[in-house]
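Chemist: Taken in order, these protein sequences are the chains called A and B. In this text, residue positions in the first sequence follow the working numbering: the first is 106, and each later residue adds one. In this text, residue positions in the second sequence follow the working numbering: the first is 3, and each later residue adds one.
Simulated from the structure, these hints should not be mistaken for lab results. Where hints are given, some of them may not hold.
Unchecked claim - Some, not all, of what chain B presents toward chain A, calculated at C-beta under 8 Å:
#1 His-161
#2 Gln-162
#3 Ser-184
#4 Leu-252
All C-beta atoms, glycine included, are put in the ideal place defined by N, C-alpha and C.
Below, each chain spelled out in residue letters.
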Amino acid sequence: MSIVLRDISKSFGSRCVLDRISDEIPSGSMTALLGPSGSGKSTLLRIIAGLETLDDGVVELHGRDVTRVEARHRRIGFCFQDYAPFNQMTVHDNVAYGLKVRHVPSTQRRREVDELLRLVRLSDFADRYPRQLSGGQRQRMALARALAIKPEVLLLDEPFAALDAQVSGELREWVRSLQRELGITTILVTHNQSEAMEVADRLVILNDGRIEQVGTPDHVYDAPATDFVHSFLGPLTRWRGAPVRPHDLVLRTSGEGCDARVVDVVRLGFEVRVVVEEGGERSWVQLTHGEARELDPVVGAPVAVRRR
Amino acid sequence: MRRHLLRGLVLVYVGALIAFPLGFIFEQVASPGWSALSAALSNREMTSAIWLTVRVALVAVPLNIAFGVGASLWIVRHPSRFTRLLDALIDVPLAISPIIIGVSLELAYAQNGWIGRPLAAWGIHVLFDYWAIVTASIFVSLPLVSRQVMPLLRTLGTHQEQTAQTLGAGRLRVFLTITMRSIMWATAYGVSLTMARVIGEYGAVLVVSGNIAYVTETLTLNIGNNFENFSAYQGFVGASVLALASIVVLMVLSYARHRERLRHEYRP
């Protein structure tokens with residue numbers, strides 16, 4: 106059940122949003138379209154769903170060309186960032202909507218909706234209205250509604266962006282395990298690199314309508330293909346004129362050759378940032394709480410820095 | 003103390019302007035007794051006028067619902083230079099006096115008018131006819147539905163509709179189950195405003211209808227005619243019938259507004 110994108114281009118007026126995007130999304134994978142706002146990632150997701158027309162290119166779902174197929178015939182589950190709850194209907198009716206459209210008989214419909222509500226842990230909320238739910242509950246309802254039509258592909262547009270940090274964290278874990286359990290090919294759009302790395306097993310990094318790099322989170326983090334990916338995926342500092350990840354720098358506070366000086370120490374709980382200056386160039390080194398206690402860097406003290 | 007004074011002032015204001023004059027009409031209607039009232043109620047000219055008003059409302063109100071909802075969807079969903087112009091023009095009937103609407107319609111639909119002449123060539127004479135009253139009624143109540151529906155459509159957005167599409171729903175089903183269901187109470191509110199305006203319109207209808215008894219005499223015209231012909235009692239009876247109808251509409255209206263407010267307050 107793979108998704109193939111071939112040379113997809115899209116412009117809004119004179120602004121090119123997507124420039125010949127090609128990719129093959131493996132069946133059963135959880136792929137994140139990652140990029141800053143305006144990179145075209147949401148437009149690409151909407152094109153896969155059939156909610157947006159494309160200027161050029163082909164979308165294939167497991168070998169079937171669906172480029173000209175209407176959204177309602179693609180059998181793709183889609184969740185908006187605002188979850189788009191049907192406010193006039195109960196949670197049960199929201200989830201049942203797709204089944205009703207498909208003329209599933211009412212007893213079977215009720216059984217399937219009950220099962221889905223159990224899956225998303227909303228069984229006790231079947232008769233509530235969306236406005237009576239919390240943000241996280243609304244998102245789970247939207248997910249159940251999308252899953253009801255037994256989609257071959259699930260598309261999530263910024264699924265965690267509207268939630269507070271704690272709920273978002275819980276839901277990421279839950280969505281990840283649900284996706285593994287169901288084995289459903291999923292694409293999610295996000296601008297948050299840590300969210301993408303946590304949830305997805307495959308990243309597609311977009312910038313300015315083009316694909317910068319594709320790969321596993323580990324691969325793109327360790328071997329960024331472009332400067333953009335390097336700077337977008339994690340913290341970056343410069344040392345002796347070259348970009349380097351701050352946790353790839355090692356600090357020494359005693360011994361020979363301490364040519365650098367500590368300028369500032371910022372304590373962020375587990376992480377401690379030590380700002381150093383060497384030959385007029387400033388860099389920062391990322392230490393763990395334990396390392397910092399051992400080294401005890403003091404502002405003004407001489408230190409030595411090397412690359413790990 | 004100051005609050006009591008303010009309350010008293012509001013009561014006197016509303017009382018002097020609305021409650022007492024309206025109460026006075028009902029008092030006038032009731033005082034001569036049942037037989038006089040039943041005679042006035044079965045006055046053939048008046049019943050014919052009531053029936054005409056009902057027939058006008060039955061056509062003008064549905065047409066304005068269709069126009070109001072359609073125009074709102076068009077203006078909100080497909081903004082362009084044209085829809086901005088349309089948006090501004092829709093308000094014209096609220097801003098100008100009904101008598102001006104009546105006079106302009108009369109000029110346009112007269113036998114030598116811009117619209118009247120080509121229609122006359124086809125043998126259609128709108129002016130001083132049932133359709134003249136319908137046209138004037140549509141004109142004066144044109145913005146009342148769309149002004150209620152448009153803001154709601156704007157806040158509704160398109161995500162719910164697109165979600166319904168991905169779930170397999172066709173255009174008509176999306177429109178009925180998502181769009182219409184969301185704007186239902188706002189539409190109902192607009193419809194009751196339209197209804198009240200259509201059955202109560204006087205000025206524009208007076209000009210275009212010709213005010214012919216049994217033919218183009220609506221209830222409001224009938225009431226006016228009775229006062230002019232010194233049959234004040236008949237006029238009071240007509241006025242109280244109209245007032246009662248408006249009160250019913252008002253009750254529907256306040257229920258619709260109540261439902262609409264409930265929806266808004268619990269919006270996420």
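Chemist: State for each hint whether it applies.
Modeler: Tested hints:
1. His-161: OK, holds: B/His-161 within 8 Å of chain A, min 4 Å.
2. Gln-162: Nearest chain A Cβ about 5 Å off; hint holds.
3. Ser-184: holds, 6 Å
4. Leu-252: The hint is violated - B/Leu-252 has no Cβ within 8 Å of chain A, the shortest such distance being about 25 Å.
When the structure is compared with the earlier hints, a violation turns up for hint 4 alone.
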